[in-house]
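Protein chains: 2
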Amino acid sequence: MNRPGECMCNMFVWCIFALIVTVPICTEASRIRHYRWNVKYEYKSPDCYEKLVITINGEFPGPTILAQEGDLIYVELTNLLPTENVAIHWHGIRQIGTPWSDGAEAITQCPILPGQTFVYKFTVDRPGTYLYHAHYGMQRSAGLYGSIHVAVGKRKQEPFSYDGELSVILNDWWHKSHQEQAHGLSTIPFIWVGEPESLLIGARGSYNCSLLKSISNAAGSGSICNSTNPQCSTPHILSVKPGKTYRLRITSVASLSSFNFLIEGHNMTVVEADGHYVEPFVVQDLNIYSGETYSVLIRADQDPSRNYWAALNVRGRQPKTPTGRAILNYIPNSATKFPPNIPPTGPLWNDSSYTLNQAKLYKAKAGYVDPPPLQSSRRIILLNTQNKIDGYTKWAINNISFVPPQTPYLIALKHNLSKSFDQIPAPENYLPYDILSPQKNQNTTYGNRIYKLQFNSTVDVILQNANMLANNASEIHPWHLHGHDFWVLAHGEGAFDPLKDTEKFNLKNPPLKNTVPLLRYGWTAIRFRADNPGAWQFHCHVEAHFFMGMGVVFSEGVERISRLPTSIMGCGESKRFFRH
Amino acid sequence: MNRPGECMCNMFVWCIFALIVTVPICTEASRIRHYRWNVKYEYKSPDCYEKLVITINGEFPGPTILAQEGDLIYVELTNLLPTENVAIHWHGIRQIGTPWSDGAEAITQCPILPGQTFVYKFTVDRPGTYLYHAHYGMQRSAGLYGSIHVAVGKRKQEPFSYDGELSVILNDWWHKSHQEQAHGLSTIPFIWVGEPESLLIGARGSYNCSLLKSISNAAGSGSICNSTNPQCSTPHILSVKPGKTYRLRITSVASLSSFNFLIEGHNMTVVEADGHYVEPFVVQDLNIYSGETYSVLIRADQDPSRNYWAALNVRGRQPKTPTGRAILNYIPNSATKFPPNIPPTGPLWNDSSYTLNQAKLYKAKAGYVDPPPLQSSRRIILLNTQNKIDGYTKWAINNISFVPPQTPYLIALKHNLSKSFDQIPAPENYLPYDILSPQKNQNTTYGNRIYKLQFNSTVDVILQNANMLANNASEIHPWHLHGHDFWVLAHGEGAFDPLKDTEKFNLKNPPLKNTVPLLRYGWTAIRFRADNPGAWQFHCHVEAHFFMGMGVVFSEGVERISRLPTSIMGCGESKRFFRH
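If you read the protein sequences in the order shown, they are chains Z and Y. Here the numbering used here is used: position 73 in the first sequence is 102, and no number is missing along the way. Here the numbering used here is used: position 44 in the second sequence is 73, and no number is missing along the way.
Just chain Z, with the same shape it has in the complex (with noise of 0.2 Å):
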C-alpha cells in the first residue's frame, strides 16, 4: 500500500522510461519510487505558537521516503509558494551520476520558481539513515525538511537486530520567520536570530502561551498560541512494547543548536552514523549536530508500568530554551500520561572534554566501511571565523565569506562560463593565526573561488576553529560535506599542529560521515576521495552560518558528465543560451 503522494511503479516499464531520459542506474532489483509533492505554506503551530510552515502536501515535517538500498526516488515538486524559488537537497545521498539532482540552488541547480515542477532523480544507493531539506535562503528553518529512510537489500542483513523502528527528527524553532530572521542577520545593525523559542521532537514542542494572549490566530477565532491544539498539545510519542528492542532513527535538521538527546533511564546502543554502521557502542545520552543522522537501539527493559521522558537539550551554547521532551510510552500505558519526574537537562552545555570524548568513541564496523587511502595527495586547511565587511557581520573561510554566483557552479564548469565565477583557486589555508583571540583584522572580503579537485585524488581538509569576534567566545559549526562521505580522522583542540596532530590520524577504522561537528576552539580532520564528478558544496550546517557565507565549493571530474538537463537552467548566464 502506497502513502498518498507515492507511487510504487512497475519496474519494467519506469526501467524502460528512466533509459529514455538518461537515468544511469537501474539494475533489476530497483524499484522506482514516484513522489509528486506540493510546496507550499501552511499555518502550523508545532510549538504551539500558529505560524506560516513550508510544507509538503500540507504535511510538515514533509513525508519519510521510505524506501530500499538501490531503488530510484523521482520527486515530482510542484513549487506553490507565490513569489519563493525552492530547492531541496537530499542530504548524505551521494548523487552518483546525478549531481544536477543534489538540490543545492546556486551549486549545482537554478532556483525552482513558483508554479515549476522539477523531477529530482536518484539512486539511494546504500541502506541507512538520511534526510532532504530546502537549500535556499533560509527555508530549512520554515520547515522544508523530512527524513529518508533505505532499508538494506532484499537478500541483506543488518549487523544488528531489532524489533521496530521510530523515527525521531529534532529541530530547534523560532517565531520569526524565515524572511525576518534572514533579515536581520544582512542588515544593520546586525539582529541576531536569537536562542530558539523552543526545542522540537518530531515536530512538536512546547511555548509559553500566557504572554501572547492578546494576539489573534489568522482566521480570527482565537489566539496566535494556544496550547490546547492538538498539533502541540501533546508531546511526540514513541510507543514501545516492554522487552522489545527498537531502532531509533534520529535526524537533527537544527538551524543553531547542538543538540544532546537522551531518554530517562534507557542506555542507547549506537549502532549507524550518517548512514554507515559503526562499531557499537552505548551512551546514556547522543550529541547530535545539525545534519547528522543516527541509528541507536533502546531496549524496553525498565519498569513498564510508567511512560519515561525523551529529552532535548541544548549544547555549546548556553542552554536558553526549556527542554524539549517526547514520550517513551511503555504500551499498554497511556501515550499521553505524563512520566512523573521533569525531563532531564542532561551533560552540561559546556563541557567541552565530555563533547570531544563522545565523538572520538566513533569507529566503523569491521567489515562494513572501507579504510581510508593511508595517504592523501592535498592537504586544504579551512580556518574558521567570524568576520565584517563594510559592517555587516560575515563568518569567512580562510578569511572569504562564500556568497553564491547567479550562475550555478556545475552549469558554468561544465558549459566552461569563466565569468560566472572567480577563477582564482580558493586558499589552501590561512596561515599564521591566531586562533584564542578575535581576529586582529577583522575585515574580510565576499568570494565564490572554488577548489578544484583532481578526479579521484584523495583529499584532506583540516577544519580549523577558532575565536570569534566576542572575546572568548567560540561555536561548534557541524560541516556538512555534498556528494560524498568522508573519514573523520581525528579531532583536537587548539590549534592544529601538522606535525604532531597527523600521527593521532585513525587510518584503520575512522567512521565515514557526511556531516561531522568542529568543536570549540578545536578541529576536525577528515580525508575523501574525490571520486564523484560534479560540483560540491562543503559547508557550516548552521542555518545562520551558512547563510552568512560560512561554506567553500569543490568540485571535480565535470569533463566526465555528458550532459546536464535543462531543466536545472535559467538563471544567470544559462539564460544567455536562449536560441532566438
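Careful, some of the hints might be misleading.
Any copy will do: because identical chains look the same in the list, a pair fits if it lies in one copy or spans two.
DSBU-like mimics (lysine-lysine), calculated; alpha carbons at most 35 Å apart, straight line [to be verified]:
id, residue 1, residue 2
1, 529, 69
2, 349, 205
3, 469, 69
4, 389, 273
5, 417, 205
6, 349, 69
7, 205, 69
8, 183, 417
9, 469, 529
10, 394, 537
11, 185, 389
12, 366, 417
13, 537, 185
14, 448, 185
15, 392, 481
Since the hints were made in silico from the structure, they are not lab data. These figures come from a predicted structure and were not determined experimentally.
Fit chain Y to the known structure of chain Z by using the hints.
Same frame as chain Z, now just chain Y:
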C-alpha cells in the same frame, strides 16, 4: 543635482549606447535617467507597527522618478530579497517599442531572481502622473511602489498653472506579511485579508498600539508597535504658502480600498487623470481608485493662522479603518500642529449615486486628447463574478479564473510556443446572466486563454459587475489596462443593454485613462486602439482580487516585435532553449 541612486547622463554618449541596445526612441530632446535600485526587505513602521517592507535602496515608498516628456528611463534593478523573485510594472507607461519592459510577471517577462540584476528600459513619452509597483504575487502590498512624475517638454506648457507641486501617495495597510495574506486567499477555509489596519497618506498612518504592548520588536529594544517612532509619530505634511496654488499629484496604490480624499475647507480642481488632461472641474472631495492617478489644483486661500486636515476615507466597503490623515500646513505655522477639528469622514461610503455622478464628470480636455474612433470592430463583454473552484474562493471573468502560465505570453507568442497556454480564444461574453443574484452555478475553472486582437483595430470592452457569492453584495473593481490608454465611454447601473446603453456612449470628449472603476452592480464601457505590439494584462487592481484570478490578457501585433531580450527569459519553456 541628482538624487541618490539616480544618474542623469550625458545625452550624446547615451544616445549612442541606446542605439546599440535598440532602444527605439532617442530624440534630440530626450535624456537618459539612470537609476540603480536595490530591492530588499527592511523593517518599517509606517503606522507605528513594525513589519518587513520591500524597499528600494532602503526607501519606502520607493524613490519618485522625476523625468521630462521623452526621457529614457533605465532602472537597473538588483533583487536582494533572499528567496523571492520580483518584477516591477510601470503603471501608465505604455512601453511603446519596449513591451518586454512592462514588468508584468508571466505576461512580459520571467521574474527577476534573487541576486539577479535586470534593466528596465523605457521611454516616458507623455507628461503626467504615473506610478510603479511590484507585479508579482502580492508584493505590492508589501510596500514595493512609488511615483513617476513626468514634466512637459521644454518648449511646452501645461494647460494650467500653479506655484508648486506636492506628492500624495495613498494606500491601505495590513500588518500581516504578503505571504500570510496570499496564503489565506488560497487555502480552505478561506482567510480573507480583512479590512486594512490603517490608511496611509505619504506612507504614514497611525495604528492604536495599546493592544500590542507585550510584543517586542525585531531588535528586542522595545515594542513592535511604537507610537513615538518618527516614521509614524507625525502625519504626512503638505506645506503651502498662503495665497499660492499647488498641484497635488495624487496616486492610489491601495491593495483593496476605494478611497475618498479631501482637504478641509479647500476645493480641488481636477486637471489631470491617469496622465491626460481633463476639462477642469471643482470637487470638495475626490474619489480615487487603486491604480488611478490625478492632478488637482488647490489654492491656499483659507485662514492662514491654522493647519487643515487632508483626510482619506474608504468608499464602497463599510469602513472599519480610522480615517487616514495628513496635515495641510500653512507656512509659517508649525508643520506638526494638529488642526482643531477631527478629520472629516467624507461622503457616505455607500452613496452609489454620488460615486457614479463624480465618475461622470470627467471629460477630456479639448485640444489635448484625441476623441475615440466612432466605431469599434469588436466588442468584448467581461462579466465579473466571484466563484468557487473545488472549494477555493475565486474571481472569474466570463467564468474563467485567470492563472498565469509558466512561460510569459510575450515569449510564448513571439516564439510560437503553443503549448505554453490554452490556444482556445477567451470567451467574448458570458450571457445571459442575472447580475443581481449570487451565481447559480458557483463553480468555475482555471484558465489562461487570451484575446488576440487585430493589430490597429478598435476594441470595445464592456465591464459588467454582478452580485458576489453572498447575497446583496457587489464590490467596486478598478480595472487597469497595460500598454494602452482607453477612452471611458460610459458608466451605467445594472446590466448593460447593448441597444439602449450604446447610445449613451460619449464619443465626443471621453477621458483617456488606464484605470477605471467598475462600480457596484454597474457596467463600464471603454474603447481602445490595439496599436501596441505585445501582450498586455487587463485586470482588477485590487491586489487580492487579481491574485484570486480577476484578469485577462490581450495581445496584438507580436509578429512586429523584432527580437526579445534574453534577460526576460529563463522560466517555463524559455528554458528549453538552452544551447548545449
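Now for the hints, and whether the structure bears them out:
When the C-alpha separation of residue 529 and residue 69 is checked against a cutoff of 35 Å, the pair qualifies neither within a copy, at 52 Å, nor between copies, at 49 Å. Taking the closest pair of Cα atoms, residue 349 and residue 205 come within 35 Å of each other both inside a single copy (17 Å) and across two copies (28 Å). In the homo-oligomer, the alpha carbons of residue 469 and residue 69 lie at most 35 Å apart only across protomers (32 Å), although the nearest pairing inside one protomer, at 45 Å, exceeds that limit. In the homo-oligomer, the alpha carbons of residue 389 and residue 273 lie at most 35 Å apart inside one protomer (29 Å), although the nearest pairing across protomers, at 82 Å, exceeds that limit.
Proximity of residue 417 to residue 205 under the C-alpha cut-off of 35 Å is found in both arrangements, the shortest distances being 24 Å within a copy and 33 Å between copies. For the homomeric pair residue 349 and residue 69, the shortest alpha-carbon distances inside one copy (31 Å) and between copies (31 Å) are both at most 35 Å. Taking the shortest Cα distances, residue 205 and residue 69 sit within 35 Å of each other both inside one copy (18 Å) and across copies (17 Å). Taking the shortest Cα distances, residue 183 and residue 417 never come within 35 Å of each other, neither inside one copy (53 Å) nor across copies (49 Å).
Taking the shortest Cα distances, residue 469 and residue 529 sit within 35 Å of each other inside one copy (27 Å), while across copies they are farther apart (84 Å). Taking CA atoms no more than 35 Å apart as the test, residue 394 paired with residue 537 passes inside one copy only; the shortest distance there is 11 Å, against 91 Å between copies. Only within a single protomer do residue 185 and residue 389 lie at most 35 Å apart by alpha-carbon distance; the minimum there is 29 Å, versus 83 Å between protomers. Proximity of residue 366 and residue 417 under a CA criterion of 35 Å is satisfied in neither setting, with 50 Å inside one chain copy and 44 Å between copies.
Taking CA atoms no more than 35 Å apart as the test, residue 537 paired with residue 185 passes inside one copy only; the shortest distance there is 25 Å, against 87 Å between copies. Within a single copy, residue 448 and residue 185 get their C-alpha atoms no closer than 49 Å, and across copies no closer than 48 Å, so neither meets the 35 Å cut-off. Taking the shortest alpha-carbon separations for residue 392 and residue 481, only the intra-copy value of 30 Å comes in at or below 35 Å, while the best inter-copy value is 69 Å.
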